[in-house]
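Trainee: Here are the chains, one letter per residue:
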Amino acid sequence: MDELRELYQQIILEHYRNPRNVGELPDATHKAEGNNPLCGDCLEVALRIINDHIVDIRFRGKGCAISQASASVMTTLLKGKTVKEADELFERFHRLVTGIESPSAQPGTLAAFAGIREFPSRVKCATLAWHTLRAALQNVPEVTTTEE
Amino acid sequence: MDPVATPLSETIVTTWRADFPILQRTVYDKPLTYLDNAATTQKPRTVIEVLRHFYSTLNSNVHRGVYYLSEQATEHYEAARRTVQQYLGAPSPKEIVFVRGTTEAINLVAHCMVRTRLREGSEIVLSHMEHHSNIVPWQLAAEQTGARLRVIPITEQGELDLDHYEALLTERTALVAIVHVSNSLGTINPVRELIQKAHERDIPVLVDGAQAIAHLQVNVQELDCDFYAFSGHKVYGPTGIGALYAKRRWLETFPPYQGGGDMIRQVTFERTLYNEIPYKFEAGTPNIAGAVGLKAALEYVQALGLDTIATHERTLLEYATERLQSIPGLRIIGTARQKAAIISFVVDDVHPHDIGTFLDREGVAIRVGHHCTQPVMSFFGVPATSRASFALYNTLEEIDRFVAALQKAVAFFRM
Ligand SMILES: Cc1ncc(COP(=O)(O)O)c(C=O)c1O
Chain A
32 MDELRELYQQ IILEHYRNPR NVGELPDATH KAEGNNPLCG DCLEVALRII
82 NDHIVDIRFR GKGCAISQAS ASVMTTLLKG KTVKEADELF ERFHRLVTGI
132 ESPSAQPGTL AAFAGIREFP SRVKCATLAW HTLRAALQNV PEVTTTEE
Chain B
45 MDPVATPLSE TIVTTWRADF PILQRTVYDK PLTYLDNAAT TQKPRTVIEV
95 LRHFYSTLNS NVHRGVYYLS EQATEHYEAA RRTVQQYLGA PSPKEIVFVR
145 GTTEAINLVA HCMVRTRLRE GSEIVLSHME HHSNIVPWQL AAEQTGARLR
195 VIPITEQGEL DLDHYEALLT ERTALVAIVH VSNSLGTINP VRELIQKAHE
245 RDIPVLVDGA QAIAHLQVNV QELDCDFYAF SGHKVYGPTG IGALYAKRRW
295 LETFPPYQGG GDMIRQVTFE RTLYNEIPYK FEAGTPNIAG AVGLKAALEY
345 VQALGLDTIA THERTLLEYA TERLQSIPGL RIIGTARQKA AIISFVVDDV
395 HPHDIGTFLD REGVAIRVGH HCTQPVMSFF GVPATSRASF ALYNTLEEID
445 RFVAALQKAV AFFRM
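Residue numbers (the numbering used here), protein chains in the order written: chain A, 32 to 179; chain B, 45 to 459.
Any given hint could be a false lead.
To be verified - Listed below are several chain B residues computed to face chain A (Cβ distance under 7 Å; list not exhaustive): (1) Thr189; (2) Arg292; (3) His395; (4) His397; (5) Asp398; (6) Gly407; (7) Pro419; (8) Met421; (9) Ala428.
Said to hold, decoys possible - Across the chosen pairs, the derived CB separations fall in these ranges: (10) Thr70/B with Pro151/A: 13 to 21 Å; (11) Glu164/B with Val171/A: 48 to 56 Å; (12) Pro57/A with Gly373/B: 29 to 37 Å; (13) Glu37/A with Thr355/B: 40 to 48 Å; (14) Pro151/A with Glu237/B: 39 to 47 Å; (15) Pro151/A with Arg216/B: 42 to 50 Å; (16) Pro151/A with Val110/B: 44 to 52 Å; (17) Asp246/B with Arg48/A: 53 to 61 Å; (18) Val171/A with Gln188/B: 29 to 37 Å; (19) Glu362/B with Pro57/A: 24 to 32 Å.
Stated by the list, open to error - To spell it out: a stretch of chain B is covered by chain A in this simulated footprint if at least three of its residues, at any positions, have a beta carbon under 8 Å from a beta carbon of chain A; those stretches are: (20) 99-106; (21) 399-406; (22) 453-459.
By construction, these hints were calculated from the structure, which means they are not laboratory data.
Given the structure is predicted, the values throughout are model-derived calculations rather than measurements.
In this text, a Cβ means the ideal position worked out from N, Cα and C, and glycines have one as well.
Pulled out of the complex, with its shape left as it was, chain A reads as follows (with noise of 0.2 Å):
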């Protein structure tokens, strides 16, 4: 139990149950479809960036708790950052959830994930949102999990 608490932290919780950010973005200028194969759920991740900035980001789909709660969580981080912050969070938040970086360096909500790396099976879940971010970033319009 104590290590599903970890997994399923509060801020996870919370995030799940009123996500942020959820729907369509109709003057989105950056759209993008990421697909997990193994479960079958599916994310859209729309942004709309103003001379390098994230004005406005959001998404839509259906997933577990842990791919809705990531979703939300990376949209109340990103808005207001630029694309080159994007990336890092991008990449901190890779190897936060791979067990490569420990949470203490990490900003509070993007810790809460650290527990996933004791899941090794979950953590596709929780970096969908992510990949699915980076691929509308790049314009690739879908994306798939096949990698962690």
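Given the coordinates of chain A, assemble chain B with the ligand onto it according to the supplied hints.
Mentor: Below, chain B with the ligand without anything else, positioned relative to chain A:
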């Protein structure tokens, strides 16, 4: 349901359980509750012992050596073929081809159909509840030949729409390929009727028996199917071995599947004479130990009795179905009148993946996901389900443990 009233005494199941060494182990300090039998079954000690015995005392190649060991290995391998033949009620061991499993069996038939029967405009009829392994090989075959797939629809209960099926059978239909028991819905399809209807129009039928083989008495002559495919690992046997039953006339007219050793009679660079059936379809060194292990597994099941096992599994299915319904917001996906011991379900507010992780920490192994049946998932409008599937060694107590863990998970996420 009162456990005391079960048709099978607890002691029998306890004895059966003792045959499976893995059931002694714990995960996360909890007893292992293995409810993912539709993915693969656990192995009884006799199967494990037979593998050890084969490699310790009999190992050598088959159909090649003139020495004692090779003759012995060949004898055991061919005895395994006869056991499969008897288990399926096939007329002859020549109609049993050893393969890696159901997937390879279906690919073998698809490959041969491409070379013999399928052409531009041909139609392959399959159902909406097929496993990907009974869809993708036919898509590949269709791509190569210009044939088309036609799909038998399913109902809200997860049964085949039989009226629609008949309408799909035409002079263009080259083959019907149909699952005997659905791995994601548990539905037992009326394959005998389906085959009759197809045969009235001279259409051959392939049956995917992957899930049926451990639960139902299968007799290919009574079914009159043209092909029957199954995997050893789903019937308490080793992985990497399975069998294809095919009516002799098909095997005799089919070209080889793969080329190599064992499948030939004579090779020159100009021309090769193929071996007789079934060896024509078994190129290269086969999974000899696997075949011997499969024989032990089938004999184990026969010794217990498929009817006895089925009675027990029905008790498990009914009990689990009833217990699950006590969970608010739980919906069972697949409510056919005829079902094998497989239950798929979804729960409001809780994603299958989260359920799977939660149950895992309680020692309960179930499958979550799309179960290689994405068309079924989209039909029911869910990305995934949770699935518990039972085997002869499961108990009512394990179902209680499973349901208790599920209740805990649901409470956790609904808080
Ligand atoms: C209905 C059905 N068909 C085919 C298969 C494929 O079997 P295998 O992976 O052993 O080849 C499975 C296994 O999951 C199945 O359940």
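Trainee: Going through the earlier hints one by one, which of them does the structure break, listed in rising order?
Mentor: Per hint list: 1, 2, 6, 7, 11, 19 and 20 violated.
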